[in-house]
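J.: In case you want the letters, here they are:
4 protein chains.
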Amino acid sequence: MSRIPGRNFLFVPGPTNIPDRVQRAMVVAMEDHRSSKFPELSTSVLEDLKKVYRTGDGRVFIFPSSGTGAWEAALTNTLSPGDRLLAARLGHFSHLWIDMAERLGFEVEALEVDWGEGMPLGRVEEVLRADTARGIRGILACHNETSTGVTNDIGSLRAVMDACNHPAMLFVDAVSSLGSIDFRMDEWGVDLAVSGSQKGLMLPAGLGILAASQKALHSMQSATSRRCYFDLADMIAANATGYFPYTPALPMLYGLRESLDLIFEEGLDLIFGRHHYLAQGVRAAITEGWGLALCAREPACYSDTVSAVMVPGGIDAAHVIDVAFRRYNLALGSGLSKVAGRLFRIGHMGDLNELMLMGAIAGTEMAMLDVGVGVRPGSGVAAASDYWRSNDRVPKRRTGRAQQYYSGHSTGTVSG
Amino acid sequence: MSRIPGRNFLFVPGPTNIPDRVQRAMVVAMEDHRSSKFPELSTSVLEDLKKVYRTGDGRVFIFPSSGTGAWEAALTNTLSPGDRLLAARLGHFSHLWIDMAERLGFEVEALEVDWGEGMPLGRVEEVLRADTARGIRGILACHNETSTGVTNDIGSLRAVMDACNHPAMLFVDAVSSLGSIDFRMDEWGVDLAVSGSQKGLMLPAGLGILAASQKALHSMQSATSRRCYFDLADMIAANATGYFPYTPALPMLYGLRESLDLIFEEGLDLIFGRHHYLAQGVRAAITEGWGLALCAREPACYSDTVSAVMVPGGIDAAHVIDVAFRRYNLALGSGLSKVAGRLFRIGHMGDLNELMLMGAIAGTEMAMLDVGVGVRPGSGVAAASDYWRSNDRVPKRRTGRAQQYYSGHSTGTVSG
Amino acid sequence: MSRIPGRNFLFVPGPTNIPDRVQRAMVVAMEDHRSSKFPELSTSVLEDLKKVYRTGDGRVFIFPSSGTGAWEAALTNTLSPGDRLLAARLGHFSHLWIDMAERLGFEVEALEVDWGEGMPLGRVEEVLRADTARGIRGILACHNETSTGVTNDIGSLRAVMDACNHPAMLFVDAVSSLGSIDFRMDEWGVDLAVSGSQKGLMLPAGLGILAASQKALHSMQSATSRRCYFDLADMIAANATGYFPYTPALPMLYGLRESLDLIFEEGLDLIFGRHHYLAQGVRAAITEGWGLALCAREPACYSDTVSAVMVPGGIDAAHVIDVAFRRYNLALGSGLSKVAGRLFRIGHMGDLNELMLMGAIAGTEMAMLDVGVGVRPGSGVAAASDYWRSNDRVPKRRTGRAQQYYSGHSTGTVSG
Amino acid sequence: MSRIPGRNFLFVPGPTNIPDRVQRAMVVAMEDHRSSKFPELSTSVLEDLKKVYRTGDGRVFIFPSSGTGAWEAALTNTLSPGDRLLAARLGHFSHLWIDMAERLGFEVEALEVDWGEGMPLGRVEEVLRADTARGIRGILACHNETSTGVTNDIGSLRAVMDACNHPAMLFVDAVSSLGSIDFRMDEWGVDLAVSGSQKGLMLPAGLGILAASQKALHSMQSATSRRCYFDLADMIAANATGYFPYTPALPMLYGLRESLDLIFEEGLDLIFGRHHYLAQGVRAAITEGWGLALCAREPACYSDTVSAVMVPGGIDAAHVIDVAFRRYNLALGSGLSKVAGRLFRIGHMGDLNELMLMGAIAGTEMAMLDVGVGVRPGSGVAAASDYWRSNDRVPKRRTGRAQQYYSGHSTGTVSG
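Protein chains in written order, with the working numbering: chain F, 112 to 527; chain S, 112 to 527; chain L, 112 to 527; chain Z, 112 to 527.
In isolation and in its complexed conformation, chain F is listed as follows:
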């Protein structure tokens, strides 16, 4: 394919746009990763990632891998073959993690959920209460299900677990939320939190990132799953003096140092606020401007990092995506597996602002018009414009959604 002039508009839900400062920081000469100077860098990024995870007790691990590798590290370091897990299959990525767990020899009870819905906390509660033998060793949850644009309330999940007094470990996929949507590892009692470099951390793919609680680290001793590349014990031993067990991806570590600096300069809460503000504008464009539906059912679970847009009957979402890419140099995310062709996705995560999204909204609109979706020209931009012009980019701190399960509709269930 020949080059289309001008900048590509990248609005898949990861990888995200790399800020120039991070791009520059990665242009480094190679160096001895066993030098006396190297630990300065490695120690600083490992420590600072803990702040992004909002953990004090936990420990963070960086693997040269994708986020998928960190999924595997979370499972094999803490579980033994045959161990039972509970999960909800609410989209493509929760499905893939369940699939991985099964392939690695664990037994997964997967709650089937309509795609677009969130974690079924009531059913989770039922299963946990029924598990009187405490055979369930872990719960797998996607904080943000990237395929449907659904954010799950991990705080409430923890509340359910606590209410059931269930000792299972809480495994959370925070790949498309960490650094973009409020994530509170310690407060929510998350035991294993998986992420990657290419989303809210604003880097290329290439680093699998894992945070483990003390409880998770303790479970390593009894976990008999075979592991070597992803063995946390090797990492702990090498990290202790500031090194890695094998050659690290240097440009990525330098890029990470810079992206952490950017994050702390802006401030985590302001970043979460900005993501919400930008997401609200995008949702205004989709629902008010275009009159289309989101895949996510409930406003409470709308994702601030990705919106999955249902196309009208008779339209193939893949056609919208294809025209957007070929004619307008706009990359949108596609519908995966069960929802292929029925939705496209607009990522709104990372280093973004209003006008980048305006380009994406306008381009999506043109591509939809080109393939016969009857939206009114300019309607999406107008709705986003109205929202953004009447709201602050840095809104006041939203009240947390955590705890809403118990403070809300299902309190009865718990007290019952």
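One or more of the hints may lead you astray.
Copies of the same chain are indistinguishable here, so a pair counts whether it falls within one copy or spans any two.
In silico lysine-lysine, DSBU-like type, Cα no more than 35 Å apart, as pairs [what the hints assert, rightly or not]:
| id | residue 1 | residue 2 |
| --- | --- | --- |
| 1 | Lys162 | Lys326 |
| 2 | Lys148 | Lys449 |
| 3 | Lys148 | Lys161 |
| 4 | Lys326 | Lys161 |
| 5 | Lys162 | Lys148 |
| 6 | Lys148 | Lys326 |
Treat the hints as calculated values from the structure; they're not laboratory data.
With chain F's structure known, arrange chains S, L and Z on it following the hints.
T.: Using the frame of chain F, we list chains S, L and Z on its own:
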């Protein structure tokens, strides 16, 4: 000022956005600019720039300077103090060139023109016809007056000169047109064509570029203006073997090599077509969408690289620009000198596409709304969308505007 | 540590110096790794890596991981827990691979060898002949043992296996040889060849690279080792259409594209020749200039990518390395585990030339003098200079060392 | 020419090697150079350059040009056609500046000096004393004559001028000294100090830099030389609010910001000390190791930024340079005009350390041996090694050489 997240939208009429390929090409280690290897690079860019100028006989010069330096080189190498020049003051940049000529000791007859109008060919013709002594040594013309968004018809100017049989040299400022708007040095008989690196050539500022006809080169012998840094004779001597008289700006030359490759890969005519197509969309947004007026009076002189937008009475254009920059990270051009506060400018030149402009249009609209300009939200984007969706990015070759002076309304004058 | 002015001299045996062209190629904006354009890139690098491996039938896999990950992929995709392997522990990296195999549940018969010696082909032969039940499923061999500077003759190993008519798979670690020392996957009947990005491929660490023969691929079907992240089946399925099962490390892929271009432009044989020529100069400096011994015992196994230098008694090699780094900004490799303190290593692999090595030789010499090693100033440089000045950088093709086992001393054994 | 593997060794006396940090800093997106944010950058570099010049009262100017442009700016802004200047022609660059002055219409009394000698202060004094009418308006001096490796004692020149009570302006070419050799604008009463970006400032060429004293600025009012591009008045007006009169070379300004940071982090005095220490090692290699002569006659005028090496009779220095470049990827400077073929030059300025120079010394030695210069292999490196190993990189502050003219041999003249 703290960093605003996301990408800056740069829509001043220069410097323009640098394509990633060019950005990369400039990341070079220094090297010996007198090595046996160096001439490969220097010779290739000097030769290829001739193609961009569409000159076979002419010679191109590259100075480490801004375009202003190339203005000076054009004048001092071909004229002697006291020499008479004819020019039209139709905007800030034509004014600055006239001012430079006067400071360098030349006598300029400046035709005063309302800003927004093009070169007054009828008045030029009168002056030339009246100059029976042939005392006018040169005519200064801005191909594209960046301050007003007016493109002048250099082909028709040449036709006027030819009709008058006047031997003056034709000096053309092609800074904001070269590589973006059709420019035909040989066909139009241009003697000195000035440009810079930071516009259609998609590079940072730092290179002043000058093309000189054989006639211009011949005039060097009698030109007694003092010159040294900008002396073409030194350049000719050094360039002959592929070198420069002083240390060249290496990253810029490597960047230029890459930008020339990009230009030839896309094709000059397709680039001009793309600029026209994009400009038409922007103009649709301004006039049809927002109902605002361009500074440029006649469609025939609308610039395909920059649009100057008149703001409604009571509004300060500087306010629009300030809000666009501070709130939306959008850089617009300001009104200069006589039109300060009365207009803002949207550059649409270089490596651009529809969605980059959509971001700019949406951002301009929001900024205007914020400061009280009563445009309808989404209207600009809708109008541009309509235009772009119903036209090809690569339109059929437009018929040249050259010659229209004589084939058009003023034929009578000529025949009279 | 504050910055030491000037360039760091990086002479650890990996990561290696990144050529400017590769450095530039990695400065890329992120893009949709599921776009219709992406397969162009992925397919081209996968195909071209086969040429570097010199395999026609084999298949190449790229993982976001270090080379260690590719070690794991080689084992878990082809073996089942309890499977027996044969290996020789002849340095730190062969040790680590054995250790990994054991941790992953395989039974390894490890032949203990003095560090500095090569693969004990006679003993290998004995074991294979004794294995009449054909219980040994694979042989692990390091083509180039980076910790001792010993290159093993894989062609002769294959000849031994063939002579014994043994069906074991041949697993080869080619991490510090691929792209630097002649490697012939098909000719030598290698089944699994592991490499990484940060050595002869002249990239940062971050890609684990694995080539698998048809036989190895076939063994996947019966291999019951648990695997998911490194599952070749997922890769095969995704690569079939030009994609990856998870987000790839884009800058690395673009860098790999450029490094492959560089490799083919220079030519593999010329690259091997250059490595030999440069290594010979370094060895001249060490042995003739300084009068020191290499760790590698036999000239036939001297490595063309790394030289391990024994320090005189009473000297701590770590002291040399520390002074070299802190005072002269020179990074040397250290002695690992059994040989810690007794040797230091000079890497000479990747994008290198004489003068870079002269800096390293001079710096090593100064550091040795500073800590009391009694070498004559300038002696190393003089010896290397003599070698390089009297030899061509691109020597005639050396006759292969493969087959020398059988054509050499142990022919008798075979015929016996 | 096809690519030679490995890094080029750049040892021409400018452009110099760009530190990675500066290289990275120049990878910037374009931005509006008239934005409200821009003055932060421009003001900070203009102010900080004053510290490098060691001037409090002076004003610094940055032009998009080479250093040659700054030569012209110095002359045309302060002088009128026909003005008389005094200069010494002691090398190629002092010759070029004299030539420029003549071409720009000034009358230059040029003291002819053997190349290799420094400024003839006694003859200067005679001329100044003889100029009772005070007709000499300025003295042109090269602080460091790059073509011969001679550093002139500007402090002593000022002392001569003061002793003669002569009001001429002092014009100094500090192109190859600023930021590398102690330069004291205010202390030495320098009126116009010319520099460029590509030497001690460790940037690519592209910025002409000029510092002007208050006396020089005052002289602008009466200076009638024609000027426009280089007119300091335009710069002063635009710089007042943090802008430039024409589009600035943005990457260069960002690079300059970083190079100034690097300079202040290391410290000017330590940088000068490092240059002296490195230069001493190079001179040890040349004179003690190889037994060759420097072009510079007196140790007092040996340049700490460049050494010009006389080749033995019968050898063409151009041949050494050619072999060094083609065979060893080493760029040496050539002999210019009068000394062409008789010397080659080794630059040792900017971001350098011992091992980079060791590569250059070893390469020069090999090239000399290849063309028949009978030096002993390793001798240069050994001599440099001896010097560097027995001296500190950061020597104690040397006593200034300024004033030595009067405190030394010619005191008598003054008191007479």
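J.: For every hint, state whether the structure bears it out.
T.: Do the hints match the structure? See the list:
1. Taking the shortest alpha-carbon separations for Lys162 and Lys326, only the intra-copy value of 19 Å comes in at or below 35 Å, while the best inter-copy value is 48 Å.
2. Taking the shortest alpha-carbon separations for Lys148 and Lys449, only the inter-copy value of 24 Å comes in at or below 35 Å, while the best intra-copy value is 50 Å.
3. With identical chains, the CA atoms of Lys148 and Lys161 are at most 35 Å apart both within one copy (22 Å) and between copies (34 Å).
4. Taking the shortest alpha-carbon separations for Lys326 and Lys161, only the intra-copy value of 16 Å comes in at or below 35 Å, while the best inter-copy value is 45 Å.
5. For a Cα distance limit of 35 Å, the shortest separation of Lys162 from Lys148 qualifies both inside one copy, at 23 Å, and across copies, at 31 Å.
6. When the C-alpha separation of Lys148 and Lys326 is checked against a cutoff of 35 Å, the pair qualifies only within one copy, where the shortest distance is 32 Å, while the shortest distance between copies is 45 Å.
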